[in-house]
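Chains E and H, in that order, give the protein sequences.
Residue numbers for the first sequence follow the numbering used here, beginning at 1 and rising by one.
Residue numbers for the second sequence follow the numbering used here, beginning at 1001 and rising by one.
Misleading hints may appear alongside valid ones.
Rough simulated footprint, nothing fancy, chain H against chain E, three-plus residues with beta-carbon under 8 Å [said to hold, decoys possible]:
1) 39–48
2) 79–93
3) 97–105
4) 110–117
5) 140–149
Under 10 Å between C-beta atoms, here's a sample of chain H residues computed to sit facing chain E [said to hold, decoys possible]:
6) 1025
7) 1038
8) 1059
9) 1060
10) 1072
11) 1074
12) 1075
13) 1093
14) 1138
15) 1142
16) 1174
17) 1204
18) 1212
FYI, nobody ran anything at the bench for these hints, they're computed from the structure.
All values derive from a computational prediction rather than experimental measurement.
No residue lacks a Cβ here, since even glycine has one placed at the ideal position from N, Cα and C.
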Amino acid sequence: MTVVRHQGGWVIVLSIVAGFLLMVLPLPTWMQQGRPDWTALILIYWVLALPQRVGVGVAWLAGAFQDALLGTLLGAHALAFAVVAYLTLKLHQRIRVFPLWQQAFSVLVLLLLIRLVLFWINGLIGRPEADWGFWTPAVVGTLVWPVVFVLLREIRRRYRVQ
Amino acid sequence: MQLVGNRQGKIIKPLFQQGPPLTARLIILVVISVVLMTVDHRKDLLEPVRFTMSAALYPVRVLANFPSDAGEFLASQFQTTRDLREENARLKSKQLLYQVRLQKLNALEVENMRLRELLDSSYEIGESVLIAEIMEVDLDPYTHLIQIDKGTQSGVYRGQPVLDAHGVMGQVDKVGPFSAMVRLITDPSHAIPVQVNRNGVRSVAMGTGNLNQLELRSLPNNTDVKAGDLLVTSGLGGRFPKGYPVARVEKVQVDPGRPFAHVTARPLAELNRSQQVLLVKRGESSKDAKQAATPKSPDQADAPSAGTAETAAQ
């Protein structure tokens, strides 16, 4: 009886870096506000697919780097991602067997939670209150979730990440 | 294939988590995050951490910047000779114009310094300038930050004033080895000490979160400020050098029921359009400036002030 060997860690790291890239890629101004939280989507996928490898620690670290990248308060995204990874881990056995559209709903809740944490931190440090557009990334993220899911599943199978 | 292995009982994926319990891990991380955020918000202790992370993330920024870089390169490759010639002629005439103005400025500068010497007041001159390019990278859409392609390796430091051709843009907020983040003057957490150029009334221009608006707070209702007044940096606070244009007053609303007038101004710098920015390094003390003020021969006229070391890296 052997435990599954870990392999393909670089695929996970590269996909998260790709998420970072998508987060800072220049977009027209009107699209900037609706940019989905790519890193979060990618992290949620990996937590669902490989809960024994990608957990709260990885999510937290990715969030911290995203903070450094975007210039937000160091720890804001880290906190949000860690909380979301925790919930995903708790529910992964249920979410995994959902059909794709139902999965997207769970993802919507998770993404809204990220926005909520960021919103709350924004309020705490006394920045002006954001408008409704602040919540659009969660909705757009839900819409692109099926694409992210299918794409990353293909990648995971091809490179036998486990 | 893993499934087959599973059935044969050779490979078993662990169903349950190992290591410290999940909830405990989350709580530890949450506590660390809260501590980090508090420290980052209140103190500058985390700058070294940010510096290291910024260095690690530099390739991501370069990659994100690549499409616009490549576009610019291609555009410059396919310019016609005629266009270039026209541009050259335009620039030459412009340069001539500025040269003439500079000659006068030179004389004025020396005269100003002499007068100040008579008054025994110090005078700072000759800030050295570094040119940096804005990286086409989107940052948090709710803060007014921009990324520039120079970092500590080029001598950029935290708090350094950033200008463009029209006025003050902001100050360096976070530095990495090869890049830095600049907080624009319109960021809600930014304030810049200014004075009205016409009469020297001092105030502080606060960012509003709107790229086209600054707010002057705490100006009494009877202050002499009019729409159209030019606001320049006052040099108070010691961060921004004195005398650079910041904004033009747009609207002055006086409501007798309120203690202060509501004054808004429009930044002069092209905060969302500039491609290149100037980073100003604080000048030498007035003692060096006096040496710089020695009369120059006419053929030195195109070196306007000896203290202006053009460290243009372009």
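Coverage of the stretch 140–149 of chain E by chain H, judged on three or more residues with CB within 8 Å
violated (count 0)
Stated coverage of the stretch 79–93 of chain E by chain H [criterion: 3+ residues, CB within 8 Å]
holds (count 6)
Checking hints one by one. Is residue 1025 of chain H an interface residue toward chain E, by the C-beta closer than 10 Å rule?
This interface hint holds because 5 Å falls under the 10 Å limit.
Residue 1174 of chain H as an interface hint toward chain E, with CB separation required under 10 Å:
holds, 6 Å
Quick check on the hint: residue 1093 of chain H CB to chain E CB, less than 10 Å?
violated, 34 Å
Hint validation: residue 1060 of chain H versus chain E, beta carbon distance must be below 10 Å. Holds or violated?
holds, 5 Å
Against chain E, run the beta carbon of residue 1059 of chain H and see if the smallest gap drops under 10 Å.
Holds - the Cβ of residue 1059 of chain H comes within 10 Å of chain E, reaching about 8 Å at its closest.
Can you verify the interface hint for residue 1138 of chain H: is its Cβ closer than 10 Å to any Cβ in chain E?
Holds: closest Cβ of chain E sits about 5 Å from residue 1138 of chain H, inside 10 Å.
Evaluation of the interface hint that places residue 1204 of chain H against chain E, nearest CB under 10 Å:
violated, 17 Å
How does the coverage statement for the stretch 97–105 of chain E fare against chain H, requiring three or more residues with Cβ below 8 Å from a Cβ of that chain?
violated (count 0)
Grab the minimum C-beta distance from residue 1212 of chain H to chain E and call the hint holds if it beats 10 Å, violated otherwise.
At 13 Å from the nearest chain E Cβ, residue 1212 of chain H fails the 10 Å test, so the hint is violated.
Just to make sure I understand the rule, a stretch counts as covered if three or more of its residues have a C-beta closer than 8 Å to a C-beta of the chain. Does the stretch 39–48 of chain E meet that for chain H?
violated (count 0)
Of the hints listed earlier, those the structure fails to meet are numbers 1, 3, 4, 5, 10, 11, 12, 13, 17 and 18, in rising order.
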